[in-house]
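Student: Sequence:
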Amino acid sequence: MDNPFTAVRYHNLVIEQETFPHDALEATAWTEDGLIMAARHKKYKHIQGVQFHPESIITPEGKKIVLNFVRFIEELEKQRS
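For the sequence shown, the positions run 1 to 81 when full-length UniProt numbering is used.
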């Protein structure tokens, strides 16, 4: 996947650095000006969230992001069984 990549967001909601729970979460994506756009739980890696719209047609890497997440969860499920 390209890094960086273009993503679309339809709002100005952001996670502030000052209130970000660094003890539990790790930031995984940022805007060019440093705003957090994605995070995941440090212990439970399958708990993730994004502040943009990967499903948007304007996000070129969107399908790949969703597919990678599905594959990640499938792999976790295989390991548990």
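No wet-lab data here; the hints were simulated from the structure. Be aware that a few hints might be false.
Claimed, not checked - The calculated DMTMM-like cross-link candidates involving lysine to aspartate or glutamate, where the alpha carbons are at most 25 Å apart (straight line), are:
1) 43 - 23
2) 64 - 23
3) 64 - 74
4) 45 - 26
5) 45 - 23
6) 43 - 16
7) 42 - 26
8) 63 - 77
Student: Out of the numbered hints, which ones does the structure contradict?
Tutor: 2
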